[in-house]
Amino acid sequence: MTGFEQDRLWSGWMAAAQDGDNAAYARLLREILPFLRVLARRRCADPDRCEDIVQDVLLTLHRVRHTYDPARPFTPWLAAICERRSIDALRKRVRQGAHETQDDRAYETFADPAANKDLQAHDAAEALKVMIAQLPPGQREALELVKVKEMSLVEASQASGQSVGALKVSVHRAIKALRLLAGAAE
Amino acid sequence: MNTDDLIAQLSAAAAPVKRLAPPMTRALLWLAVIIVLAGAPILLRANLGVFAQRASDPRMALELFATLATGVAGVIAAFHLSLPDRSRAWALLPAPFVVMWLLLTGWGCLEFMPEQNQRGWGVHQSDYCFRFLLGVGVPLAGLLILALRRASPLQPRLVACVGALGVAGLAAFILQFFHPFDVTIMDLGTHLCALAILIGVFSLSGRLTLSARG
Chain A
0 MTGFEQDRLW SGWMAAAQDG DNAAYARLLR EILPFLRVLA RRRCADPDRC EDIVQDVLLT
60 LHRVRHTYDP ARPFTPWLAA ICERRSIDAL RKRVRQGAHE TQDDRAYETF ADPAANKDLQ
120 AHDAAEALKV MIAQLPPGQR EALELVKVKE MSLVEASQAS GQSVGALKVS VHRAIKALRL
180 LAGAAE
Chain B
0 MNTDDLIAQL SAAAAPVKRL APPMTRALLW LAVIIVLAGA PILLRANLGV FAQRASDPRM
60 ALELFATLAT GVAGVIAAFH LSLPDRSRAW ALLPAPFVVM WLLLTGWGCL EFMPEQNQRG
120 WGVHQSDYCF RFLLGVGVPL AGLLILALRR ASPLQPRLVA CVGALGVAGL AAFILQFFHP
180 FDVTIMDLGT HLCALAILIG VFSLSGRLTL SARG
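If you read the protein sequences in the order shown, they are chains A and B.
Under numbering that gives the first Met the number 0, the first residue of the first sequence is numbered 0, with each subsequent residue one higher.
Under numbering that gives the first Met the number 0, the first residue of the second sequence is numbered 0, with each subsequent residue one higher.
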């Protein structure tokens, strides 16, 4: 089918849609989708944004469908709407980019400060895990057995093979090292 | 929303629509309404004899033509630009008439300069012109917005700006029937100020009142 024949076909469906033929309208909207996607991709590389533009064009076409004159070609009318909406989308993106910063964590917080306590505790636990991983192996093992798993010094001594005195010293040094790491992190 | 779902919703909700008449027809109809609305007070209140005498001067006749042509061309261009598939070049249609109008008015001011020096540089009747231009221009702009809104223009600011220029030209032309003296520099300044307000307000409000999303 040539471009001219396609235009006449679309124009006929649009004229029928203006007269209230819903089937012709649905067919027209489906048929023009590939054309609209090609036009939208010229202005926008992101497929999701392109689809947003295409949907915006469909909504605009619906709103201004009474302005189409069946005596004139349909394709330039449609292309002009698509061009206009693509430019509007581009301007909107530039405007938003100039005034807004994307912060994914913002979506995870709540307006009520009390509601964020769990999240803050989770963040603190994650930070502590990272700091514990940085300790020497002997200190890390002593700290995990005595403070994290809450074993007695005797149980920890049996589990690790270290003497009770060595465990006490290791735990003391581990806590001191963690305080230093936490201070550096702040 | 999925695009297929959107199409299903739109096609299900598509009631028959009344097609817009061609833009030239709509523009001429609008101008006809304005001729009727403005014609009555002109016939009843204006001193047509003085107007005819002033219009017999070739420079004044050209100035009147340029003013009216700016108004008509601006309105015709606005109706064309309100449609999606019409060229943006329509916005240039009133441009030559605006230039002609301003040049001829400026020339008139220069010719009037010796008399201006004798009369002094006061505002005289310029405040009347200012109020007249806004008093006529604002209702005309409102009527034009009502007519252009039907097309839901995709470029509302451009349409409003060109339409405002047309309204400004028409208001300035109607003023000539009630302005039985040549334009002084002070008058010109007041006229330009009133027209700038008219165009500025109409252009800014046009985005809200004409937008296809509105």
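Treat the hints with care, since some could be wrong.
List time: in silico EDC-like cross-link candidates among lysine to aspartate or glutamate, alpha-carbon distance up to 16 Å [to be verified]:
id, chain 1, residue 1, chain 2, residue 2
1, A, K91, A, D51
2, A, K128, A, E140
3, A, K91, A, E143
4, A, K148, A, D122
5, B, K17, A, D20
6, B, K17, A, D55
7, B, K17, A, D47
8, A, K91, A, D68
9, A, K91, A, E140
Now the stretches of chain B that chain A is said to cover, found in silico as 3 or more residues with beta-carbon under 8 Å [to be verified]:
id, segment
10, 4-11
11, 15-27
12, 150-161
What the simulated footprint calls covered on chain A by chain B, stretch by stretch (three residues with Cβ under 8 Å from a Cβ of chain B suffice, anywhere in the stretch; the number is not a length) [stated by the list, open to error]:
id, segment
13, 22-36
14, 122-133
15, 140-153
16, 174-181
What the hints contain is simulated information worked out from the structure, not anything from laboratory work.
Note that CB positions come from ideal geometry on N, CA and C, so glycine has one too.
Requested in this report: Return the numbers of the hints above that this structure violates; sort them in rising order.
Outcome: The structure breaks hints 3, 4, 6, 7, 8, 9, 14, 15 and 16; every other hint is satisfied.
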